[in-house]
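Please take these sequences and the hints and turn them into a complete structure.
There are 2 protein chains.
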Amino acid sequence: MDLDSKAIAIDVMGADRGPGEVIEGVKFALKQDPQISSLTLVGIQSEIETHLKKCGIFGNPRLTISPASEIIGMDEKPTHGIKKKDSSMIRCLDLLKSQACAAMVSCGNTGSLMAGATVKLRLMPGLERPALSTVIPSKDHLFILLDVGANPETTPKQLMHNAILGSNHCQIELGIQKPKIGLLTIGTEEGKGTERIQETHKYLKSLGHLINYIGLIEGYHVFEKDVDVVVCDGFVGNILIKTCESLFHMLKELFKEELTANPVRKLGAVLSMRAFKAIKHKFNPDRYSAAPLLGVNGIVLKAHGSSNSTGIMNAILTAQKMLNQNMNKHILCAVAEANQIIKDKEGEPA
Amino acid sequence: MDLDSKAIAIDVMGADRGPGEVIEGVKFALKQDPQISSLTLVGIQSEIETHLKKCGIFGNPRLTISPASEIIGMDEKPTHGIKKKDSSMIRCLDLLKSQACAAMVSCGNTGSLMAGATVKLRLMPGLERPALSTVIPSKDHLFILLDVGANPETTPKQLMHNAILGSNHCQIELGIQKPKIGLLTIGTEEGKGTERIQETHKYLKSLGHLINYIGLIEGYHVFEKDVDVVVCDGFVGNILIKTCESLFHMLKELFKEELTANPVRKLGAVLSMRAFKAIKHKFNPDRYSAAPLLGVNGIVLKAHGSSNSTGIMNAILTAQKMLNQNMNKHILCAVAEANQIIKDKEGEPA
Numbered sequence: 217m218d219l220d221s222k223a224i225a226i227d228v229m230g231a232d233r234g235p236g237e238v239i240e241g242v243k244f245a246l247k248q249d250p251q252i253s254s255l256t257l258v259g260i261q262s263e264i265e266t267h268l269k270k271c272g273i274f275g276n277p278r279l280t281i282s283p284a285s286e287i288i289g290m291d292e293k294p295t296h297g298i299k300k301k302d303s304s305m306i307r308c309l310d311l312l313k314s315q316a317c318a319a320m321v322s323c324g325n326t327g328s329l330m331a332g333a334t335v336k337l338r339l340m341p342g343l344e345r346p347a348l349s350t351v352i353p354s355k356d357h358l359f360i361l362l363d364v365g366a367n368p369e370t371t372p373k374q375l376m377h378n379a380i381l382g383s384n385h386c387q388i389e390l391g392i393q394k395p396k397i398g399l400l401t402i403g404t405e406e407g408k409g410t411e412r413i414q415e416t417h418k419y420l421k422s423l424g425h426l427i428n429y430i431g432l433i434e435g436y437h438v439f440e441k442d443v444d445v446v447v448c449d450g451f452v453g454n455i456l457i458k459t460c461e462s463l464f465h466m467l468k469e470l471f472k473e474e475l476t477a478n479p480v481r482k483l484g485a486v487l488s489m490r491a492f493k494a495i496k497h498k499f500n501p502d503r504y505s506a507a508p509l510l511g512v513n514g515i516v517l518k519a520h521g522s523s524n525s526t527g528i529m530n531a532i533l534t535a536q537k538m539l540n541q542n543m544n545k546h547i548l549c550a551v552a553e554a555n556q557i558i559k560d561k562e563g564e565p566a
Numbered sequence: 217m218d219l220d221s222k223a224i225a226i227d228v229m230g231a232d233r234g235p236g237e238v239i240e241g242v243k244f245a246l247k248q249d250p251q252i253s254s255l256t257l258v259g260i261q262s263e264i265e266t267h268l269k270k271c272g273i274f275g276n277p278r279l280t281i282s283p284a285s286e287i288i289g290m291d292e293k294p295t296h297g298i299k300k301k302d303s304s305m306i307r308c309l310d311l312l313k314s315q316a317c318a319a320m321v322s323c324g325n326t327g328s329l330m331a332g333a334t335v336k337l338r339l340m341p342g343l344e345r346p347a348l349s350t351v352i353p354s355k356d357h358l359f360i361l362l363d364v365g366a367n368p369e370t371t372p373k374q375l376m377h378n379a380i381l382g383s384n385h386c387q388i389e390l391g392i393q394k395p396k397i398g399l400l401t402i403g404t405e406e407g408k409g410t411e412r413i414q415e416t417h418k419y420l421k422s423l424g425h426l427i428n429y430i431g432l433i434e435g436y437h438v439f440e441k442d443v444d445v446v447v448c449d450g451f452v453g454n455i456l457i458k459t460c461e462s463l464f465h466m467l468k469e470l471f472k473e474e475l476t477a478n479p480v481r482k483l484g485a486v487l488s489m490r491a492f493k494a495i496k497h498k499f500n501p502d503r504y505s506a507a508p509l510l511g512v513n514g515i516v517l518k519a520h521g522s523s524n525s526t527g528i529m530n531a532i533l534t535a536q537k538m539l540n541q542n543m544n545k546h547i548l549c550a551v552a553e554a555n556q557i558i559k560d561k562e563g564e565p566a
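Chains A and B supply the protein sequences, listed in that same order.
Residues 217 to 566, numbered by the working numbering, are exactly what the first sequence covers, in order.
Residues 217 to 566, numbered by the working numbering, are exactly what the second sequence covers, in order.
Calculated from the structure, these hints are not laboratory results.
Heads up, the list lumps identical chains together, so a pair's fine if it works in one copy or across two of them.
With a cut-off of at most 25 Å between alpha-carbon atoms, the simulated SDA-like pairs for lysine to any residue come out as follows:
id	residue 1	residue 2
1	K396	A552
2	K537	L279
3	K408	S522
4	K269	L533
5	K418	P294
6	K408	P294
7	K498	E440
8	K561	P341
9	K493	H465
10	K458	I352
Dropping the structure here:
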């Protein structure tokens, strides 16, 4: 896993706002972080060149273009998407597979990226499934929720792996040295919840210094400050994040309606405008970088489909941080140690 | 299931605001609905009498007192709670078991109520597990979410039963004739999600006129107007409702902080006060009655621990509506029919 290349492949196509926005994000990232040594821009060459010229970074020695003629659509089925061999996304994965690049950023179709990455890059030794991890803002802090959809049916061992993956993601992305890890369940007394959760709880308790496991948590705790990493399976996590978005969207509409219902309320809303802007800014998805697909050989970051150039820049900066700090190497070691601990506990020959 | 008694047992003890609030709710309910023929107030007799006198309804011919000396605490473990045989909650369940009452309302410990009701009342024929159902407000409509915690590990057949239970609850509580039923999953294409969901989807599609099944839904749809009943297992539902409460609480705190950050924002907030009040009112839990534990022999309603007298009144009115409209009889017939359909489908002898 110690790759010589620190190049990052950028899937320039397939973003909602078009390749221009992606290239602008590339420009911002180059300016922001001098440690970025090499970005490989993957997509339709003529379009990439046009936008590089527009942004004034055509010919930048830190940039390479790698042509790809196809685009995977946002609504395309993953089984169909991953068959598009000359698509920008699949070409990015090929670059990681051949170790020409060590990381990639894509705004494209999530299902195709998860399927493609798992098939092309395969999992790191010791892991059984990947996990899609995400940063979520709360009032005064950020936290990590995983898995949000890569692995809907999870064994206790896989849930334990999610905890390790999330802990490593949190350390790098949020800079928290010993992230507090909570296992999401219903009822926090021992013996409550499902058998799968009880078994996972036992595993996590046995990991000692490997992670900072604080125990079982309930839905009530998710947005509270006492948990840095919320661990769950991809079924629960995906439903949870989408429902929260749905609730958030509903509330936004409701506020809009109520605050414009008459001239007095409208005036009040204008005077409090900066409060609403501050809240909107806090939950702006472009601030919180992209969701890494953890567990595969390579750094794979899924940025929001509707990312703006700031979102793209943040995703590239995160990819670079993950490379600088050797995230996957740390994961590899921790997973091996954890697997050994539970193997020993279960009395099987090591 | 055709009980002669239409009496409703009221667990007067164990509410956060004390027995006085419950008795006031009883008074409001009696005034509101002349169809309420008999309420049995269960708890410490002297306390009940004191509050009845305070409310001016002592000696009301529609009221009976049934003494109980113990109270199950809010934080008591269910296994411990249900052993308190002379507690107001367990005495209520006894009244249902002996058919002296047909329904009950309690603000007490949810775990004890679920465990006690399942053990004492047992499930209606054809059902395998109870489900706790709840009404949730959205922008311009209300919807039902179930199960929110009674049955964390659910088979496809049990999930199908949840759909039937929720449909019946929705008809009575929200007055929707053909509630639109959605099965909560990740990814709505056929073949996505878990095997359990795919199997349930097949079952629900085969039920024909029995319920108005609209298909698979994702988290995105939960707060949207196109679904009246969101069906899931008790693990997902419990985490979902508690996380939404956690998000909602966090946002409330955030708005408070931002809107009071300086005098201009404060003035704005004062002018828009009625908008915030309208939103707060929309999400006031006391408006949406109590959560029925569906599937048991009898009507069991769990009101919020912190219910005020309006909340108690609404719970009693809902219990009366469920009795008037023979909810459990309808459930019994629908479940029998559904079980027959899937039995036939699977080619087993009927």
